[in-house]
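Asks: Below are the chains, spelled out letter by letter.
4 protein chains.
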Amino acid sequence: MGNKIPVGILAATGAVGQRFVQHLVDHPWFEITALTGSVRTAGRPYGEGVNWLLEGDPPQSIADMIVQPTEPDLDAQVLFSALPTAQAREMEAQFAVAGYPVLTNASPYRMDPYVPLLIPEVNADHSDLIPYQQEAYGWSGYIVANANCSTTSIVLPMKVLHEAYGLESAVVVTMQAISGAGYPGVASLDIMDNIVPHIGGEDGKLESEPRKLCGRFTDGRIDMADFVVSAQANRVPVIDGHLGSVSVKLREKATVEQAIALFDNWQPPEICLELPSMPEPVLIYRPEENRPQPRLDRDAGNGLAWTVGKVRECPVNDLRFLSITHNTLRGAASGSVLNAELLVLQGFIQEPVSIELAA
Amino acid sequence: MGNKIPVGILAATGAVGQRFVQHLVDHPWFEITALTGSVRTAGRPYGEGVNWLLEGDPPQSIADMIVQPTEPDLDAQVLFSALPTAQAREMEAQFAVAGYPVLTNASPYRMDPYVPLLIPEVNADHSDLIPYQQEAYGWSGYIVANANCSTTSIVLPMKVLHEAYGLESAVVVTMQAISGAGYPGVASLDIMDNIVPHIGGEDGKLESEPRKLCGRFTDGRIDMADFVVSAQANRVPVIDGHLGSVSVKLREKATVEQAIALFDNWQPPEICLELPSMPEPVLIYRPEENRPQPRLDRDAGNGLAWTVGKVRECPVNDLRFLSITHNTLRGAASGSVLNAELLVLQGFIQEPVSIELAA
Amino acid sequence: MGNKIPVGILAATGAVGQRFVQHLVDHPWFEITALTGSVRTAGRPYGEGVNWLLEGDPPQSIADMIVQPTEPDLDAQVLFSALPTAQAREMEAQFAVAGYPVLTNASPYRMDPYVPLLIPEVNADHSDLIPYQQEAYGWSGYIVANANCSTTSIVLPMKVLHEAYGLESAVVVTMQAISGAGYPGVASLDIMDNIVPHIGGEDGKLESEPRKLCGRFTDGRIDMADFVVSAQANRVPVIDGHLGSVSVKLREKATVEQAIALFDNWQPPEICLELPSMPEPVLIYRPEENRPQPRLDRDAGNGLAWTVGKVRECPVNDLRFLSITHNTLRGAASGSVLNAELLVLQGFIQEPVSIELAA
Amino acid sequence: MGNKIPVGILAATGAVGQRFVQHLVDHPWFEITALTGSVRTAGRPYGEGVNWLLEGDPPQSIADMIVQPTEPDLDAQVLFSALPTAQAREMEAQFAVAGYPVLTNASPYRMDPYVPLLIPEVNADHSDLIPYQQEAYGWSGYIVANANCSTTSIVLPMKVLHEAYGLESAVVVTMQAISGAGYPGVASLDIMDNIVPHIGGEDGKLESEPRKLCGRFTDGRIDMADFVVSAQANRVPVIDGHLGSVSVKLREKATVEQAIALFDNWQPPEICLELPSMPEPVLIYRPEENRPQPRLDRDAGNGLAWTVGKVRECPVNDLRFLSITHNTLRGAASGSVLNAELLVLQGFIQEPVSIELAA
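Chains as they are written, first to last, in our numbering: chain A, 10 to 368; chain B, 10 to 368; chain C, 10 to 368; chain D, 10 to 368.
Take these hints with a grain of salt, some might be off.
As the list makes no split between identical chains, a pair holds if one copy fits it or if it spans any two.
[As the list claims (entries may be wrong)] Computed list of lysine to aspartate or glutamate pairs in EDC-like fashion (alpha-carbon distance at most 20 Å, straight line): (1) K214 with E322; (2) K214 with E298; (3) K13 with E64; (4) K262 with E322; (5) K258 with E177; (6) K13 with E216.
By construction, these hints were calculated from the structure, which means they are not laboratory data. In this text the structure is predicted, and so the values were computed from the model without any measurement.
Build the full structure now, drawing on both the sequences and the hints.
Replies: And the structure:
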């Protein structure tokens with residue numbers, strides 16, 4: 010146990026923070042050594058301060074840990090941040106100044122030109138931005154962000170098509186789960202027997218983040234991918250799982266059969282196969298005409314896989330497909346854990362002498 | 010009462026049949042004089058045979074009527090059909106042969122080149138196909154169809170834009186209510202906490218029907234409108250109300266402000282204003298960024314109005330908007346009642362001597 | 010219009026306040042002349058400050074009224090209170106001191122020995138407490154409370170049985186709608202695909218309020234009815250309508266047939282029949298084994314009627330039945346409006362010279 | 010693998026049949042060697058004929074097995090039956106005649122005086138009925154039934170109280186999940202935003218089965234427990250998990266504290282601890298005032314544990330509590346698997362020579 014990498018979770022009592030706890034509590038490489046919370050919860054045992062939203066109870070080993078204030082003197086080598094937006098903007102930079110690698114689920118730094126917006130299967134090499142970030146900002150630590158949960162749900166199949174045929178444009182409509190809004194989040198009176206066709210800021214994230222994720226790292230910077238996205242996000246009465254309906258125009262034409270074969274046979278870069286949390290397969294193509302569905306497919310690969318289906322010709326553009334991921338697992342906490350695992354393999358996080366890099 | 014036009018309802022005990030009963034029971038021009046049902050219900054009072062799905066009980070005056078078999082000897086001048094697809098294909102033609110005008114909610118004849126696919130606000134002049142239909146098929150009666158409920162939900166704003174600027178293409182994603190599948194319809198185990206991204210045949214209807222509805226009547230035929238539609242229909246856990254998210258390319262460019270003004274000021278053709286069931290306004294533009302919503306907007310105009318919102322520029326195409334109607338009212342039974350009202354005014358249905366054509 | 014009784018609504022922008030607006034806007038006896046709100050909404054037009062949760066938009070005539078602070082200088086003869094608990098406790102007495110009759114939906118004064126807890130069909134004569142209240146507290150106005158929404162849902166059939174046979178005890182389990190918790194109220198993450206078997210304070214209200222409602226007014230006080238209630242309240246994923254499952258022990262035995270006949274033939278006291286909002290019938294007995302159901306029965310009598318069903322022998326006690334009302338209509342705002350109508354007829358609210366007491 | 014006990018699943022493609030597959034596929038003692046289905050599915054590979062309702066796909070090893078007709082020449086030593094009621098009544102006896110032990114989830118034989126209605130934690134000794142059954146009916150095999158899913162959800166805490174203090178009566182109201190009705194089961198139009206206060210036959214099962222389960226085996230028969238149950242079952246919009254609200258009268262008085270201590274410290278009979286599927290703990294007491302909740306507690310102990318909470322004094326009877334189990338796991342398929350495990354330990358099912366009775 011002593012040879013694992015000690016990690017801290019910022020804002021560990023919230024909905025995403027709980028998912029970090031859940032994923033990290035038995036992690037083969039990481040060990041939770043610090044938890045932070047608000048003034049309401051700081052100083053109390055985690056098990057007392059948390060309003061545990063997941064099944065069962067908080068893990069016993071974590072329940073007894075004392076929640077600390079979110080300040081840069083944490084006994085941890087790496088930090089996972091579930092901070093709310095405003096606090097993330099302010100505090101994450103302070104932690105980077107103080108030397109911590111910060112793996113954040115928050116949005117403020119995602120589109121920062123020096124911050125890698127990272128999904129291992131999509132753009133593992135974007136971590137090469139890190140030294141440029143440290144130099145530009147004078148930080149000894151650094152910030153690496155995972156993508157918005159709705160972006161995550163559709164970006165892997167977009168990337169796969171972009172790499173093979175060149176994306177020109179994508180029209181995206183998402184149907185997003187209530188857990189994406191945190192807790193208490195969406196009022197039941199707003200969403201029961203209803204759809205809310207608006208999620209603040211989400212359309213913009215869906216229209217910009219995929220271009221950075223699919224962009225190219227060159228000369229210390231990311232060149233945005235040269236496609237255009239139109240996005241319209243909807244909140245639907247589903248507990249977990251963001252579903253995206255996508256119509257794409259390609260630069261080089263491809264048949265439905267080619268696209269299906271591409272998805273069906275796709276393998277992530279080799280380094281991904283060594284990440285202990287990586288599911289196998291990570292991209293699942295389902296041939297049924299009524300899949301993917303949130304309740305049936307969100308937990309595929311322990312909630313870390315993409316499920317793609319309904320790949321069809323588009324009468325207006327070239328191809329259409331649906332894609333889903335679990336928004337609070339792959340699309341949030343676990344996305345950052347996978348990023349941390351990648352950074353260990355890439356050497357951006359130093360492992361203790363005796364850690365053995367095997368799951 | 011004796012001077013109203015006597016009407017019959019085919020398949021009156023089903024989900025759509027009940028909506029016909031509800032709309033027609035106190036209608037100023039029509040009087041229900043015949044109800045048909047399956048072998049299970051025929052011969053029994055309507056109130057006994059029906060599994061009433063709407064609030065309260067069946068109207069008392071209708072509950073005592075005896076359900077008849079669906080055969081062409083009904084004591085009625087006009088028929089409204091809620092027949093299931095296979096039976097509609099067979100029986101509606103028989104009723105037309107026997108001289109009845111058949112106002113149908115079923116799909117088999119919708120795309121028939123001689124059958125008007127009619128929505129008064131969209132294409133009131135398509136009823137001029139009727140004499141050509143009668144001649145071509147040798148019928149003394151005729152068939153007029155209302156559009157599919159999902160087509161209905163989006164076609165009026167499409168038509169308004171098409172008329173003003175010329176539609177080139179539309180990418181449509183719908184989120185459709187469970188009541189659209191009839192009763193028992195969607196299993197609760199399939200849809201609770203879930204989305205089913207497939208409705209049999211619906212994408213095809215959404216891709217073809219708007220082109221006929223927005224087509225031009227010339228020389229005894231309908232010229233399909235020359236735009237292309239891509240549609241992807243989803244079943245969502247909402248009871249009533251089909252919501253469509255639409256991105257359109259226009260032949261002539263228009264700003265968001267122009268489109269909003271167009272929707273906000275739009276008036277239906279004058280003849281529509283005389284239809285007793287026509288709501289005022291029939292096209293509602295809502296400026297809030299989170300509207301329209303099924304639960305809040307489906308009942309606008311007694312469930313007969315369209316509500317349009319989120320009119321925005323599209324980064325990929327030209328404009329985007331959302332549109333909703335109530336699927337079992339405007340999108341089904343009441344759509345056909347409005348068609349019948351139009352046909353009365355146009356002289357395709359003869360009124361009794363003493364009826365006064367005022368609501 | 011000028012001859013209607015001018016009324017004010019305290020906390021008019023909240024969920025219950027909106028129901029007051031909805032019921033009173035076209036009331037034959039009352040006219041809304043004042044609306045109060047929080048510091049956030051006071052000073053602004055109602056239509057701007059309110060987050061309208063009901064279908065459509067706020068009534069136009071009300072939307073333009075300026076919201077006032079909740080202070081006792083309102084231009085109104087009668088006040089309807091939708092104040093939250095803490096504020097109700099403090100302010101309602103101040104309004105009574107200032108001479109206003111306060112018809113409140115709040116809980117603080119419900120069990121006060123001098124405050125009538127009033128439901129016209131149950132205990133119309135309890136309003137005779139009013140002069141004793143005024144004398145005891147030195148108020149020129151007074152407070153009259155309606156019952157808790159869950160109590161309301163079951164108390165009329167309890168009263169009917171109590172009057173006929175004498176209730177000895179009742180074991181009650183309720184399944185209560187989310188709208189009972191106000192807005193934002195219940196988080197969707199708490200209630201979707203779930204039951205929450207706890208509503209703060211509700212069991213106690215259900216166990217005490219029926220005893221006061223069914224009590225006897227004598228000598229300036231209410232003698233509590235001498236039965237005992239056991240209640241367990243559950244929050245369920247239903248939008249409107251509280252359903253109660255009740256098992257009762259009676260002092261005098263009664264058969265199921267007798268109880269059904271009692272419910273089926275029951276008429277409210279004559280004075281109730283003159284209340285303009287009173288539905289006819291107000292107590293509906295349904296014989297189907299699967300009724301009442303919230304979605305099908307909550308709107309009976311415009312949401313003001315009780316629907317009772319499943320009247321059966323109880324193997325443990327004597328009889329069992331289910332009862333439902335609409336919690337934000339009969340169980341909240343409209344309950345108080347009916348109380349006000351009763352108080353007008355009883356002379357506790359003075360009508361303007363020219364009002365005509367007919368609906 | 011060859012030394013496991015070969016078992017067959019009758020009606021393996023239905024909702025409960027799939028749960029049998031799920032539980033048995035990796036079972037340490039049993040190996041699935043036969044699957045039966047209807048004429049529609051018989052003769053085809055299981056993976057083709059099944060409409061898999063659970064997450065992911067059917068287990069690969071099972072998907073390739075050919076479904077057989079439900080006839081008594083199956084290559085299996087023990088049969089698990091998920092047959093529908095009518096077919097179960099006819100076929101299960103035939104299988105018992107043919108020498109198979111039949112572990113059934115169906116209802117027809119549950120109240121048969123010679124058939125053990127078995128829950129290991131409640132009445133493990135009732136299996137001693139088996140030889141009497143065989144003699145009475147002349148069967149070389151036998152039938153053992155698990156209880157109805159709603160009975161299961163409440164009977165363990167009832168038994169625990171009965172044993173300690175003697176139950177005199179119980180008033181039970183259940184809130185039952187849609188999965189209890191099988192597939193397609195409950196129509197979404199019936200249950201969304203609604204409660205259906207009726208489940209055919211369920212109240213009777215809830216009122217009789219607990220008396221048999223808590224009865225005493227003496228002289229080749231079961232003496233029914235001498236308490237009375239009143240039950241009212243409701244269908245609620247919850248996917249899995251039946252919740253029961255129970256008020257009990259005891260013969261010997263007990264305080265809330267005593268009852269809580271009883272639940273908190275309760276241990277099943279020792280033989281239960283050796284069953285490989287038995288969770289630890291199997292009876293969970295939760296002290297929170299808002300627990301148990303279906304979504305949070307149904308999966309406790311892999312869906313095999315009871316969660317009890319809200320233990321309180323009852324103003325009418327003596328004590329009240331809530332209890333929940335997972336209806337398609339503990340309350341159906343897995344209940345029968347646990348029974349089979351018990352019968353192996355008790356010697357009613359012969360193990361192969363080399364099986365090792367350890368999980």
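Asks: Each hint: holds or not?
Replies: The hints, checked one at a time:
1. Taking the shortest alpha-carbon separations for K214 and E322, only the inter-copy value of 16 Å comes in at or below 20 Å, while the best intra-copy value is 26 Å.
2. In the homo-oligomer, the alpha carbons of K214 and E298 lie at most 20 Å apart only across protomers (17 Å), although the nearest pairing inside one protomer, at 29 Å, exceeds that limit.
3. Taking the shortest alpha-carbon separations for K13 and E64, neither the intra-copy value of 27 Å nor the inter-copy value of 33 Å comes in at or below 20 Å.
4. Within a single copy, K262 and E322 get their C-alpha atoms as close as 11 Å, which meets the 20 Å cut-off; across copies the closest is 27 Å, which misses it.
5. Taking the shortest alpha-carbon separations for K258 and E177, both the intra-copy value of 5 Å and the inter-copy value of 16 Å come in at or below 20 Å.
6. For the identical chains of this complex, K13 and E216 are neighbours neither inside a copy (38 Å) nor across copies (56 Å), given an alpha-carbon limit of 20 Å.
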